[in-house]
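> So in the UniProt record's numbering, spot 50 of the sequence shown is number 50, and the numbers just go up one at a time.
One thing to keep in mind: the hints can contain errors.
Heads up, simulated DSSO-like pairs for lysine-lysine below, C-alpha to C-alpha not over 27 Å straight-line [claimed, not checked]: (1) 53 / 135; (2) 2 / 69; (3) 160 / 127; (4) 69 / 127; (5) 69 / 53; (6) 165 / 135; (7) 127 / 53; (8) 165 / 127.
What the hints contain is simulated information worked out from the structure, not anything from laboratory work. Since the model is a prediction, treat every value here as computed from it, not as a measurement.
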Amino acid sequence: MKRFEALFAPHMDAAYNLARWLTGNDAAARDVVQESALRAFRFLHRFADGNAKAWFLTIVRNESYTWLKASAGQHWLAIGDELAENDLALSHGQTPELLAIHAENAALLQQALSALPPAYREVIVLKELEDLPYKDIARVVDIPIGTVMSRLARARSMLKLELLKLHSHD
Numbered sequence: 001m002k003r004f005e006a007l008f009a010p011h012m013d014a015a016y017n018l019a020r021w022l023t024g025n026d027a028a029a030r031d032v033v034q035e036s037a038l039r040a041f042r043f044l045h046r047f048a049d050g051n052a053k054a055w056f057l058t059i060v061r062n063e064s065y066t067w068l069k070a071s072a073g074q075h076w077l078a079i080g081d082e083l084a085e086n087d088l089a090l091s092h093g094q095t096p097e098l099l100a101i102h103a104e105n106a107a108l109l110q111q112a113l114s115a116l117p118p119a120y121r122e123v124i125v126l127k128e129l130e131d132l133p134y135k136d137i138a139r140v141v142d143i144p145i146g147t148v149m150s151r152l153a154r155a156r157s158m159l160k161l162e163l164l165k166l167h168s169h170d
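When you get a sec, could you build the whole thing from the sequences and use the hints?
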């Protein structure tokens with residue numbers, strides 16, 4: 001149990017973030033992370049010393065896609081429901097006006113990211129939000145490192161287009 005906690009406890013936030021972005025659902029993300037932690041614990045003997053974060057996020061990714069398949073047609077994308085104003089206030093000691101602008105931008109970014117296909121959303125979340133190196137993203141998503149880089153470039157272009165579309169609706 002101590003080895004498990006030492007290896008994976010530091011990566012629970014990253015696991016939740018990935019699951020949340022892939023499932024688009026807060027409750028599902030918590031379930032996915034819980035199921036992933038159980039799997040990681042159950043198969044801990046298979047983890048040879050290496051990159052615990054990449055190994056755990058691979059499990060989270062697989063569990064997220066299992067959840068998406070199981071709930072096909074039933075899942076929904078919640079937009080903006082986790083933008084707690086307290087979190088924003090804590091992380092940005094700014095005026096209420098600047099906080100409002102930040103919250104609006106974050107909501108737009110979340111909406112734009114949610115519009116991307118999962119294959120593109122996951123690489124941008126892993127790189128930009130979790131700051132994983134390319135080699136770890138390649139391991140988590142199980143694609144060559146060159147594909148990670150091209151998919152990331154494409155994801156950034158798609159995200160930019162989505163943001164422009166959303167911004168023009170204002």
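> Against this structure, judge whether each hint is valid.
Now the hints, each set against the structure:
1. 53 / 135: 12 Å, holds
2. 2 / 69: It is violated: about 33 Å lies between the C-alpha atoms, which goes past 27 Å.
3. 160 / 127: 16 Å, holds
4. 69 / 127: Since the Cα atoms of residue 69 and residue 127 sit roughly 24 Å apart, the hinted pair holds (cutoff 27 Å).
5. 69 / 53: 24 Å, holds
6. 165 / 135: 32 Å, violated
7. 127 / 53: This hinted pair holds, its Cα atoms lying about 13 Å apart.
8. 165 / 127: Answer holds: residue 165 to residue 127 is near 23 Å, not above 27 Å.
Hint compliance for this structure: hints 2 and 6 are not met, and every other hint is.
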